[in-house]
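Please model the entire structure based on the sequences and the hints provided.
Letter by letter, the sequence shown follows residues 1 to 82 of our numbering.
Don't read these hints as lab results, they were simulated from the structure. Some clues are possibly wrong.
[Said to hold, decoys possible] Calculated cross-link-like contacts (lysine-lysine; reagent style DSS-like; alpha-carbon spacing at most 25 Å): (1) Lys-31 with Lys-70; (2) Lys-47 with Lys-31; (3) Lys-70 with Lys-47; (4) Lys-33 with Lys-78; (5) Lys-29 with Lys-47; (6) Lys-78 with Lys-50; (7) Lys-77 with Lys-42; (8) Lys-31 with Lys-77; (9) Lys-33 with Lys-70; (10) Lys-50 with Lys-31; (11) Lys-47 with Lys-33; (12) Lys-33 with Lys-50; (13) Lys-42 with Lys-29; (14) Lys-50 with Lys-70; (15) Lys-29 with Lys-50; (16) Lys-77 with Lys-33; (17) Lys-78 with Lys-29; (18) Lys-29 with Lys-77; (19) Lys-50 with Lys-77.
[What the hints assert, rightly or not] FRET-style restraints, in silico, Cβ to Cβ: (20) Glu-44 with Glu-66: 17 to 25 Å; (21) Lys-31 with Asn-62: 32 to 40 Å; (22) Glu-44 with Thr-16: 18 to 26 Å; (23) Ile-48 with Cys-10: 15 to 23 Å; (24) Glu-40 with Ala-79: 30 to 38 Å.
Note that the coordinates shown come from a computational prediction; the quantities given were computed from them, not determined experimentally. Ideal Cβ placement from N, Cα and C applies to all residues, glycine included.
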Amino acid sequence: MTISPCISICRTDPVTGYCYGCGRSNEDKFKWKDPNTTDEWKIENIKIIKSRLTGWQLESFNESYEHKIKSGLSLFKKANQK
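Next comes the structure, spelled out in structure tokens:
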């Protein structure tokens, strides 16, 4: 099972329509929630959303997503638990 790329920074850029945190469009988010969406699509979508992010935004996403995969929590959620 592929873990959602949401890193709990849910704000949409009004120009691009992509989330500042994970780089997904609203359409991507809806497809992730669809129980019929395959892991293959999700893995490909992660590659696509990473291509939308650059610089510190990509670095922040990668760090937080890796943490979420390992611990179940994004770094943002972890910081807000303290």
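Cross-check of the supplied hints:
1. Lys-31 with Lys-70: Holds, because 23 Å separates the two Cα atoms, which is no more than 25 Å.
2. Lys-47 with Lys-31: Holds - the C-alpha atoms of Lys-31 and Lys-47 are around 15 Å apart, at most 25 Å.
3. Lys-70 with Lys-47: holds (19 Å)
4. Lys-33 with Lys-78: The given pair, whose Cα atoms are some 23 Å apart, holds under the 25 Å limit.
5. Lys-29 with Lys-47: Holds, at roughly 15 Å.
6. Lys-78 with Lys-50: Distance of about 22 Å is within 25 Å: holds.
7. Lys-77 with Lys-42: Satisfied, since the Cα-Cα distance of roughly 22 Å is no more than 25 Å.
8. Lys-31 with Lys-77: holds (23 Å)
9. Lys-33 with Lys-70: Cα-Cα ~21 Å, so holds.
10. Lys-50 with Lys-31: Distance of about 17 Å is within 25 Å: holds.
11. Lys-47 with Lys-33: holds (18 Å)
12. Lys-33 with Lys-50: Since the Cα atoms of Lys-33 and Lys-50 sit roughly 19 Å apart, the hinted pair holds (cutoff 25 Å).
13. Lys-42 with Lys-29: holds (10 Å)
14. Lys-50 with Lys-70: holds (19 Å)
15. Lys-29 with Lys-50: holds (15 Å)
16. Lys-77 with Lys-33: Given pair Lys-77, Lys-33 holds - Cα atoms ~20 Å apart, limit 25 Å.
17. Lys-78 with Lys-29: holds (22 Å)
18. Lys-29 with Lys-77: holds (19 Å)
19. Lys-50 with Lys-77: Between Lys-50 and Lys-77 the Cα gap is close to 21 Å, so the pair holds against 25 Å.
20. Glu-44 with Glu-66: 17 to 25 Å: At roughly 19 Å between Cβ atoms, Glu-66 and Glu-44 fall inside 17 to 25 Å, so the hint holds.
21. Lys-31 with Asn-62: 32 to 40 Å: Given about 22 Å between the Cβ atoms, the range is violated.
22. Glu-44 with Thr-16: 18 to 26 Å: This hint holds: roughly 19 Å between Cβ atoms.
23. Ile-48 with Cys-10: 15 to 23 Å: holds (18 Å)
24. Glu-40 with Ala-79: 30 to 38 Å: holds (33 Å)
Taken one by one, the earlier hints fail for this structure only at number 21.
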